[in-house]
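Order-wise, the sequence lines are chains W and F. Using my numbering, read the first sequence as starting at 1 and increasing by one per residue. Using my numbering, read the second sequence as starting at 484 and increasing by one per residue.
What the hints contain is simulated information worked out from the structure, not anything from laboratory work. The C-beta atom is built at its ideal place from N, Cα and C for all residues, glycine as well. There may be inaccurate statements among the hints.
Listed next, the in silico BS3-like pairs over lysine-lysine satisfying Cα-Cα at most 25 Å (straight line) [claimed, not checked]: (1) F:715 <-> F:685; (2) W:423 <-> F:686; (3) W:479 <-> F:685; (4) F:753 <-> F:714; (5) F:686 <-> F:715; (6) F:714 <-> F:683; (7) W:423 <-> F:570; (8) F:753 <-> F:685; (9) F:715 <-> F:753.
Distance ranges between label pairs, derived from CB positions [unchecked claim]: (10) F:549 <-> W:372: 43 to 49 Å; (11) F:678 <-> W:377: 28 to 34 Å; (12) F:669 <-> W:371: 22 to 28 Å; (13) W:372 <-> F:696: 56 to 62 Å.
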Amino acid sequence: MLDIYGIEANRRALLADLKQLIEEALQPFADDLREFLERVRGGAFGPNWRDAWDTFVETQADAGFNIEADSASRLVQLMESWERGHKAQARILTKAGATTSPTSALLSAVQALQTDRAIEPSSSTFVQREIARKPAVTGHGFFNSKLDEAQACLTSIKEALEAVGQKLDGSEVDESVDVDSDVDAVEELIWRYNDAVESARAAWLRENLSGNDNTRLLQMRTPLSLGLPQFVDDGQAERARRQLAQISHRLGVRDERQDRLITGLRVLDWAATAAGLLAGGGIVIHAAKTGGKWAVVKTIAIGAGGMAIEQATESGLRGLGAGEQTIRGVRLAAAIISLIFLRRKRGIEAEAESKAPLYKEGPENPRRPRSEAPTIEGTLDRPRTKYHLFLQQAVAEEMQAMYDYERIATNTSMSKFLGRKFKNDIRPDAIGLTRDGKVDMVEILSPGQTKVELEDKLSTAMNQLPSAMRGEFIAIDPKDAFK
Amino acid sequence: MSDSAVITSTALFYPAGSDDPIPYAWFERALGVFEEFKLSPILFTAGGGPFELDDCYLLEDGPGEIYRWGDPVPIRRARESFFQALKAQQLYSVRLDAPRADSQDRSEWRATIAASSISGKAYFGIDQDLMPSPTALMRRTCEMAHDLFPIRYGFSYQMPLRDLPDCYSGGSGRTNLADALYMIRHRREWENRQLTPDEKWKKELTEGKRHLQDHFRGAFPANLLSTDHVKKADLISSPIGTLSQFNDELWIWELSDSERSEAELRLRAKNALID
Chain W
1 MLDIYGIEAN RRALLADLKQ LIEEALQPFA DDLREFLERV RGGAFGPNWR DAWDTFVETQ
61 ADAGFNIEAD SASRLVQLME SWERGHKAQA RILTKAGATT SPTSALLSAV QALQTDRAIE
121 PSSSTFVQRE IARKPAVTGH GFFNSKLDEA QACLTSIKEA LEAVGQKLDG SEVDESVDVD
181 SDVDAVEELI WRYNDAVESA RAAWLRENLS GNDNTRLLQM RTPLSLGLPQ FVDDGQAERA
241 RRQLAQISHR LGVRDERQDR LITGLRVLDW AATAAGLLAG GGIVIHAAKT GGKWAVVKTI
301 AIGAGGMAIE QATESGLRGL GAGEQTIRGV RLAAAIISLI FLRRKRGIEA EAESKAPLYK
361 EGPENPRRPR SEAPTIEGTL DRPRTKYHLF LQQAVAEEMQ AMYDYERIAT NTSMSKFLGR
421 KFKNDIRPDA IGLTRDGKVD MVEILSPGQT KVELEDKLST AMNQLPSAMR GEFIAIDPKD
481 AFK
Chain F
484 MSDSAVITST ALFYPAGSDD PIPYAWFERA LGVFEEFKLS PILFTAGGGP FELDDCYLLE
544 DGPGEIYRWG DPVPIRRARE SFFQALKAQQ LYSVRLDAPR ADSQDRSEWR ATIAASSISG
604 KAYFGIDQDL MPSPTALMRR TCEMAHDLFP IRYGFSYQMP LRDLPDCYSG GSGRTNLADA
664 LYMIRHRREW ENRQLTPDEK WKKELTEGKR HLQDHFRGAF PANLLSTDHV KKADLISSPI
724 GTLSQFNDEL WIWELSDSER SEAELRLRAK NALID
């Protein structure tokens, strides 16, 4: 009797083997292309990168790898966008199917790769030829090399953050400091860190490496430990989640550090807390009027040492050998960069979601879906008149619904909200921090209060802030509220 | 609400540090006005010392708390501590007011006298039936304040109580929920919006402060001017209305309704208007 199930199982095993063989055969090309793209992005070839690209294409063709014209064209487009420094365009390419990252670009190219007619159609011949050309590092060695690569990325991230911290320290109050290229560099390093770790996890799964190796993976420091988002690429985050689930399944255990990493998938939301840190430090982030480049302005002469810091971040920095001075600068830089990541991401999402309604409904700014809304901090006021709580809540919820507000609180003191001590520390009914670092305050009048004096109080409180952070203040009389 | 009530108001402006103390002598003079017109009870709000600008107190001493206007928060009696804080020069803002008999909340008053170093302003508003002349009120307010505050500019006007005449002096007005929600919904455009004349005045009080040099908010029934204002508007060689000297440094400029539009045109032509 024909064993149908056995044949099917054999076919599957053969296909799996074939897939692995093809992947291994393509590895040298993948490594070369990745290295080449990274060099282009790093500016190694300067304006002559097109010549270098032509040489690369010819060399690969000689080695048996012809890059399909369409893939080559998309890669050239990508490199052109890097050359112009237009990260935004690179992101658009990503959305359209191309990528900003070398590895994603590589995957795209590899999918369309056609083998040269000089290569034997036999997969075994193909593999033998390629292995002979450049032996692939496999197994434990590959795993270790990826961990080293990830570690090197972390070290580079720390150095980049230090540089931003020093740049900010050296700037004058109200001087605009361009951090656009620093943000790009850190974004790229976080991407590469995760790429290396992803490769290490893939090797662990493929090679059936030991539980100890997985422990080493989990013990690695992460961008989170530097106060940065764990991921800057949703695709990477999703793949990490799947890999971690597979590893857990295979080991039959669940390690809390894996849970922590999965929790870290939502770090772009987490980065919103950085807003308070910067507000307290008198740092305002803005996209410059021309060119849309991100810059920061130090609005008061406050030392980074005066700011709060998350414990895990400090421990992560100490783990990387940072001293006190470095920690102060790095935590500030990490908060700035996290927030810019957040704004870039939210800006793109908000634009995408709101474009059509905007044209239809007029010039109202985009509203965020409830699922993305930040929590309203604080509590509602003590019972006053019947309208007081309703108005307080209505104002806070409106701020919550608008993308322009990053944090909202009710009945919360300025000191608590901004993480800084204020002499005139008032507790407005609603307080909001806008995306451009301004503080808005709203008060609801009680029957015994006077509007003039309440506005004087809000004005005095507002004037304690650096001018760039002074937003709007409004005192609403419930008697007039619904007129 | 006394919908028909009309208030005669005077606002005087002077340069001040935000925590400059309010002189005790000014308070005594203000108290004299309440006694003269037999206005009671007297409520007060103060900033500085033990007082917060968002609280309401009764200018009396004695036991017990007073609940009014449906507010679950009581109005406390605090005459003695208020006097002590004034004498100790702890207060940078003081407001005294007498509520109307049918008032529903604090904004419905018969008279309000206030001075604030935050805005550099002394304000006196009183029922029109008690003080019908803006010029008379201007003189009275100047008498109370001129030797205690370095007054540079002021104006007198009349408007219904429902339009918040005390707020008008500082460029503020009624704010409803829709105003707040509009600001929140259009946050990015809000700061670049076209300001109303009142908003421009409010901004001037804290930023430009040109009214303390030689600029005008407008042409009011009675205006208190410095010599620089008089020169800027060319009121000596080309007079409009009645100009009289209050003291060596200050002038009172009176305008009838028919003269006010001509005066406004003059101020605009002289680039002396804040708008």
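Each hint, compared with the structure:
no., hint, verdict
1, F:715 <-> F:685, "holds (22 Å)"
2, W:423 <-> F:686, "holds (24 Å)"
3, W:479 <-> F:685, "holds (23 Å)"
4, F:753 <-> F:714, "holds (10 Å)"
5, F:686 <-> F:715, "holds (21 Å)"
6, F:714 <-> F:683, "holds (23 Å)"
7, W:423 <-> F:570, "holds (23 Å)"
8, F:753 <-> F:685, "holds (22 Å)"
9, F:715 <-> F:753, "holds (7 Å)"
10, F:549 <-> W:372: 43 to 49 Å, "holds (47 Å)"
11, F:678 <-> W:377: 28 to 34 Å, "holds (32 Å)"
12, F:669 <-> W:371: 22 to 28 Å, "holds (24 Å)"
13, W:372 <-> F:696: 56 to 62 Å, "violated (50 Å)"
Hint 13 from the list above is the single one not met by this structure.
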